[in-house]
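Full structure from sequences and hints, please.
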Amino acid sequence: MRTTERDIRSVLALVRDPEMPISIVDLGLVERVTLEPDRDSGRHATIDLLPTFVGCPALDMIRAEVSDRVGDLPEITRVTVNFLHRPGWSPDRITPAGRAELKAHGVTVPEAGCGGTSTAAQPELVGLTVAGQAPPVPCPYCDSDETECESRFGPTRCRMIFYCRACRNSFEHLKPI
Amino acid sequence: MPDELGQHRAALTELLLSIADDKLMLGHRNADWTGLAPILEEDIAFSALAQDDIAHAGALFDLLADWNDDDANRLAFGRQPDEYRCAALVTLSDEFDWAVALVRQFCCDHFDQLRLARLAASSLQPLADLAARMAREEALGVGHADQWIVRLSGATAEARQRVESALRIVLPLTPGLFEEPAGVAELEACGLYPGSTDQMHGQWCEMVSNVLEHAGLPATLPPRSGEAGGRRGRHPAEFPGLLDEMCEVYRSEPQAQW
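Note that the protein sequences, when read in sequence, are chains A and B. Residues 0 to 176 (numbering that gives the first Met the number 0) make up the first sequence, in order. Residues 0 to 257 (numbering that gives the first Met the number 0) make up the second sequence, in order.
These are calculated hints, taken from the structure and not from any lab test. Positions of the beta carbon are idealized from the N, C-alpha and C atoms, including for glycine. Some hints here could point you the wrong way.
To list a few chain B residues with every Cβ distance to chain A over 12 Å, as calculated [what the hints assert, rightly or not]:
(1) LEU63
(2) ALA64
(3) ASN67
(4) GLY182
(5) GLU185
(6) PRO222
(7) ARG231
(8) GLU252
Here are some chain B residues pointing at chain A (derived, C-beta under 10 Å) [unchecked claim]:
(9) ASP31
(10) ALA44
(11) GLY57
(12) PRO125
(13) ALA127
(14) ALA130
(15) ALA131
(16) ARG132
(17) MET133
(18) ARG135
In structure tokens, the structure reads:
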């Protein structure tokens, strides 16, 4: 049986981000999968991944699990895992299934196109985004718009903490970056 | 390092070390606030900012280690004091005065965002890609600092006085940020680091002044200085002690695999 790119993507879908309750495929980390001939009629798989944050501490764990799982597939004699910074990851890359699964876990995702507050080429002169200017973030539990940002920094680099005044639950929201 | 960059190796190494060392030391200083910040949200915020700064330093050390056949941990923790290229401001002790930590962060993050934007326009693509990514993350730190400067200036008289006194401590050290790393002119000329320090200093003054004016805290920003300092390995007297503290674990077993 010959391992295909599709087979590799299937096993990548089993790799969960250690800090997120969804797979790295649904999170949009997988940019490219390539297969090339390797020595002894084996094959060399290269997986290009996009880190959510440069300093995400889960990267080494993700790299190790990807290497192990892909390396267990038939004929695969070598696995290379690269972390790339182009294109940059953004929450726009999260799949609809991933969004639904995150919501079920009480984590919301910014609307598509809600990119970072400033780009590298054109830093804003003053980044004064005092609370209240951003579009409302609906509560993942009761869908109310009566929510507020409690902390722009959360339990992981990619999440912020919100509070819903309607159902009085805290929830987490992914940072637009 | 790609072959065609061979002639610029020394200058590029000096530039990247200045950025990485600034971020490493500022991250080390900010990590002091884990568990001690005035409110829980800021405890998380300063820890996260420290995590980003140290991670950015780590990514640059990885790149340098790869290019110069070196080891990233040795670069971070195994050099002599005069081999570090950080500016004096990033190593300034805040004496556990949170206003000083905040104003230090405010000045450094605005500076870093401009420096990373220049690097993001570099002709060296992998470096430009990494810098562009780091600049976007830096924007989160800039926004955090701007908001707090404005918020505190409009709060109680004590809050305002604390920010004012922090500005008096921090601003005189900001010219050191703009001291040029050795060989930067050749990197500007060949497109590896487009732009100029004067231009960057002008932008920085504009951005910082805008926020301070918005906060009703007008301040005269110091001009650039020609003095040789951190970028040439000349550090304040407290620097070796700070390094001893930061490198204690590494030095206990330099060969350890982390």
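What are the numbers of the hints the structure violates, in ascending order?
9
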